[in-house]
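Colleague: Build out the structure end to end from the sequences listed, making use of the hints.
These are the residues of each chain, in order.
6 protein chains.
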Amino acid sequence: MTEEERYQLGVETMNAVGDGSAQRVIESLGDIAPDMARQIVSWGFGEVYSRPALVPRDRQLLTLGMLTALGGCEPQLEVHIGTALNVGLTPAEIVEALLQAAAYCGFPKALNATFVAKKVFGERGLLPVTGA
Amino acid sequence: MTEEERYQLGVETMNAVGDGSAQRVIESLGDIAPDMARQIVSWGFGEVYSRPALVPRDRQLLTLGMLTALGGCEPQLEVHIGTALNVGLTPAEIVEALLQAAAYCGFPKALNATFVAKKVFGERGLLPVTGA
Amino acid sequence: MTEEERYQLGVETMNAVGDGSAQRVIESLGDIAPDMARQIVSWGFGEVYSRPALVPRDRQLLTLGMLTALGGCEPQLEVHIGTALNVGLTPAEIVEALLQAAAYCGFPKALNATFVAKKVFGERGLLPVTGA
Amino acid sequence: MTEEERYQLGVETMNAVGDGSAQRVIESLGDIAPDMARQIVSWGFGEVYSRPALVPRDRQLLTLGMLTALGGCEPQLEVHIGTALNVGLTPAEIVEALLQAAAYCGFPKALNATFVAKKVFGERGLLPVTGA
Amino acid sequence: MTEEERYQLGVETMNAVGDGSAQRVIESLGDIAPDMARQIVSWGFGEVYSRPALVPRDRQLLTLGMLTALGGCEPQLEVHIGTALNVGLTPAEIVEALLQAAAYCGFPKALNATFVAKKVFGERGLLPVTGA
Amino acid sequence: MTEEERYQLGVETMNAVGDGSAQRVIESLGDIAPDMARQIVSWGFGEVYSRPALVPRDRQLLTLGMLTALGGCEPQLEVHIGTALNVGLTPAEIVEALLQAAAYCGFPKALNATFVAKKVFGERGLLPVTGA
Numbered sequence: 001m002t003e004e005e006r007y008q009l010g011v012e013t014m015n016a017v018g019d020g021s022a023q024r025v026i027e028s029l030g031d032i033a034p035d036m037a038r039q040i041v042s043w044g045f046g047e048v049y050s051r052p053a054l055v056p057r058d059r060q061l062l063t064l065g066m067l068t069a070l071g072g073c074e075p076q077l078e079v080h081i082g083t084a085l086n087v088g089l090t091p092a093e094i095v096e097a098l099l100q101a102a103a104y105c106g107f108p109k110a111l112n113a114t115f116v117a118k119k120v121f122g123e124r125g126l127l128p129v130t131g132a
Numbered sequence: 001m002t003e004e005e006r007y008q009l010g011v012e013t014m015n016a017v018g019d020g021s022a023q024r025v026i027e028s029l030g031d032i033a034p035d036m037a038r039q040i041v042s043w044g045f046g047e048v049y050s051r052p053a054l055v056p057r058d059r060q061l062l063t064l065g066m067l068t069a070l071g072g073c074e075p076q077l078e079v080h081i082g083t084a085l086n087v088g089l090t091p092a093e094i095v096e097a098l099l100q101a102a103a104y105c106g107f108p109k110a111l112n113a114t115f116v117a118k119k120v121f122g123e124r125g126l127l128p129v130t131g132a
Numbered sequence: 001m002t003e004e005e006r007y008q009l010g011v012e013t014m015n016a017v018g019d020g021s022a023q024r025v026i027e028s029l030g031d032i033a034p035d036m037a038r039q040i041v042s043w044g045f046g047e048v049y050s051r052p053a054l055v056p057r058d059r060q061l062l063t064l065g066m067l068t069a070l071g072g073c074e075p076q077l078e079v080h081i082g083t084a085l086n087v088g089l090t091p092a093e094i095v096e097a098l099l100q101a102a103a104y105c106g107f108p109k110a111l112n113a114t115f116v117a118k119k120v121f122g123e124r125g126l127l128p129v130t131g132a
Numbered sequence: 001m002t003e004e005e006r007y008q009l010g011v012e013t014m015n016a017v018g019d020g021s022a023q024r025v026i027e028s029l030g031d032i033a034p035d036m037a038r039q040i041v042s043w044g045f046g047e048v049y050s051r052p053a054l055v056p057r058d059r060q061l062l063t064l065g066m067l068t069a070l071g072g073c074e075p076q077l078e079v080h081i082g083t084a085l086n087v088g089l090t091p092a093e094i095v096e097a098l099l100q101a102a103a104y105c106g107f108p109k110a111l112n113a114t115f116v117a118k119k120v121f122g123e124r125g126l127l128p129v130t131g132a
Numbered sequence: 001m002t003e004e005e006r007y008q009l010g011v012e013t014m015n016a017v018g019d020g021s022a023q024r025v026i027e028s029l030g031d032i033a034p035d036m037a038r039q040i041v042s043w044g045f046g047e048v049y050s051r052p053a054l055v056p057r058d059r060q061l062l063t064l065g066m067l068t069a070l071g072g073c074e075p076q077l078e079v080h081i082g083t084a085l086n087v088g089l090t091p092a093e094i095v096e097a098l099l100q101a102a103a104y105c106g107f108p109k110a111l112n113a114t115f116v117a118k119k120v121f122g123e124r125g126l127l128p129v130t131g132a
Numbered sequence: 001m002t003e004e005e006r007y008q009l010g011v012e013t014m015n016a017v018g019d020g021s022a023q024r025v026i027e028s029l030g031d032i033a034p035d036m037a038r039q040i041v042s043w044g045f046g047e048v049y050s051r052p053a054l055v056p057r058d059r060q061l062l063t064l065g066m067l068t069a070l071g072g073c074e075p076q077l078e079v080h081i082g083t084a085l086n087v088g089l090t091p092a093e094i095v096e097a098l099l100q101a102a103a104y105c106g107f108p109k110a111l112n113a114t115f116v117a118k119k120v121f122g123e124r125g126l127l128p129v130t131g132a
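Protein chains in written order, with UniProt numbering: chain A, 1 to 132; chain B, 1 to 132; chain C, 1 to 132; chain D, 1 to 132; chain E, 1 to 132; chain F, 1 to 132.
Quick caveat, the hints were computed from the structure, so don't treat them as lab data.
Watch out, some of these pointers could steer you wrong.
[As the list claims (entries may be wrong)] Some chain E residues near chain B, calculated using beta-carbon distances under 10 Å:
hint	residue
1	V48
2	A53
3	T90
4	A92
5	V95
6	E96
7	A103
8	K119
9	E123
10	G125
[Said to hold, decoys possible] Simulated crosslink set (DMTMM-like; lysine to aspartate or glutamate; CA at most 20 Å straight-line):
hint	chain 1	residue 1	chain 2	residue 2
11	A	K119	B	E74
12	B	K119	D	D19
13	F	K119	E	D31
14	D	K119	A	D31
15	A	K119	B	D31
16	A	K119	B	D35
17	E	K119	C	E27
18	D	K119	A	E74
19	B	K119	D	D31
20	A	K119	A	D19
Glycine residues also receive a C-beta, built at the ideal position from the N, C-alpha and C atoms.
Modeller: See the structure below:
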């Protein structure tokens, strides 16, 4: 792949799973860190996320776990909980993942992530969550 | 204990040390993660916090240390600094704990926790802290 | 569920996905923290892991992400990478998950987890990993 | 050094690299944790930062790395990105440091720090960053 | 206090709660970072730990929480679990603190700390822990 | 740049600052995660580290701060403290950086990093450190 092809694959991958919120993050980097923006697209999406070895639903479960565990990544959780819904994780599955996070990361981090999920679900009219 | 008894013990334990703020967190989970709410009450308070091996003042010192160290847990610190006051830790002791946190977790995390304490103390008319 | 039923469900759940390594951790707690051992079984496995809202393969992906992000949890990663294999994640999928972890948690934590995976895969005769 | 001399050296060191924002943090501790304020000045600046073994530009690069990696330290990053500019790091160098942080800490933490930098640079009329 | 008085107070404070293991850490810094060694004694023990606002038992509970939450601090946990015993925390109280840590930091970090406690208790002939 | 050129630039960059230890890490990934090895070289070194906006000495100070703050990254610290020496940071500067890390990350993480430095310095005959 050339550099341009990697970037194009990144854009396509990002658009296939996103709803515009990752794109807005990328755009907001334009006047400060355009090379970081380009790396997120070309490398993060074009070289890593696009690989077929894990489907997007798997990747979003994994990312949900990582962002909850890292802590302090609420803005990224907001984007990725939206993406999780886009690629087929149900609200009840996301909430279940966060209950499991309580056992591995403790309740405080699990709660922080749950309140981000509540915001995202609320904006999409997905509250109350049933079956959770 | 039956499941109902565990839940009742959790509610009683939570009410005995709390001032309603933990309860409001629990309630706000109602439309998204009711099972997480139930686990916090039944397990966190009913099975763990209620154990007599450590008194509430000990538990709150411990939790103050953990939440400061984890980072990014300001909402939980706000609840737990309130609880710390409820169970007998003085403002000066809480501030002292956060000075010690500077040595073990660094000044940035200690400062984040101190500004949460300032908010809680201010709301309770406990500023300025004397003897700190 | 009674307390005994929760414990039994926990044991069954742990045995269904495990290969004895989680069990050995539980046993090694016997002379120091038997109640923590019981809580891991009754609560962690009996009340959380056993819930049908996520299948074990999903839970292990999530846990792989969390343990890699937390850092310093190599002993738990060793158990959980084994469990991941038991519930159907392939070596190539696990390695792929860790490449994605590099993008979200940085290369140092991803490398630490990868070397734990190398140990587990080696013990099971799964090296070299093909298709990764 | 006497205690008073340490404090004076701390004040001078802080003033030499700062623009008043660290001073405002110190002042805001006055009614809750004056001893923490004093330790930051006397010890943090007077005994540690003032040592000649590393120049301020080196110290700010190091601190930029630490605060980004810790996570949840956005208020401290805001102060220290300002200080970084004061001691001679250029906006392009700060942005470059945060791109490297993406490789070691992952993109989420790097993005959090980048958006703090965007705020600080914007307030100083340093956007767009050229050469980044 | 003069610098010499701070150092002396630090040595006395360290000796009063310690059993030689903190001292050995300090000594092992002698050929690489003697100033860090001096700061731990003069500042950490002489200026922070020696303050009467919290008794040593309180400080060790707090530190146990912080080190467990930080993760990757097993060598420091080993020293501080020893100190905790020295200042009056019982093995059962320490184990109880770590069960509470499971709720706030997750089981993996709680387990890491518990296995350090098992080592320290074993060396002191305190196993099995009764009443835990 | 083509993919091959990126990889070559990565190898050259890695060789220019390294002493073979990063290379050995890369090689040890060969039978488990060759694509992660390739990404570290092509992306980490070829696209990020090779950028001229920060000189290697700056990058190593930054990385020293990040790895110390992350915690649990002792294997990476060992490689990077060696690299820090290679690119011109003196033992006294590295030790000074770790003293500053005590103020921002707490003494436990600073100590962990200092003992890694002691190992690396010892292997290179650089102990005792003078002027630290």
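Colleague: Work down the list of hints and note, for each, if the structure agrees.
Modeller: Hints, one by one, checked against the model:
{"no.": "1", "hint": "V48", "verdict": "holds, 5 Å"}
{"no.": "2", "hint": "A53", "verdict": "holds, 4 Å"}
{"no.": "3", "hint": "T90", "verdict": "holds, 9 Å"}
{"no.": "4", "hint": "A92", "verdict": "holds, 6 Å"}
{"no.": "5", "hint": "V95", "verdict": "holds, 8 Å"}
{"no.": "6", "hint": "E96", "verdict": "holds, 4 Å"}
{"no.": "7", "hint": "A103", "verdict": "holds, 5 Å"}
{"no.": "8", "hint": "K119", "verdict": "violated, 21 Å"}
{"no.": "9", "hint": "E123", "verdict": "violated, 23 Å"}
{"no.": "10", "hint": "G125", "verdict": "violated, 21 Å"}
{"no.": "11", "hint": "A:K119 <-> B:E74", "verdict": "holds, 18 Å"}
{"no.": "12", "hint": "B:K119 <-> D:D19", "verdict": "violated, 26 Å"}
{"no.": "13", "hint": "F:K119 <-> E:D31", "verdict": "holds, 11 Å"}
{"no.": "14", "hint": "D:K119 <-> A:D31", "verdict": "holds, 11 Å"}
{"no.": "15", "hint": "A:K119 <-> B:D31", "verdict": "holds, 11 Å"}
{"no.": "16", "hint": "A:K119 <-> B:D35", "verdict": "holds, 18 Å"}
{"no.": "17", "hint": "E:K119 <-> C:E27", "verdict": "holds, 15 Å"}
{"no.": "18", "hint": "D:K119 <-> A:E74", "verdict": "holds, 18 Å"}
{"no.": "19", "hint": "B:K119 <-> D:D31", "verdict": "holds, 11 Å"}
{"no.": "20", "hint": "A:K119 <-> A:D19", "verdict": "holds, 16 Å"}
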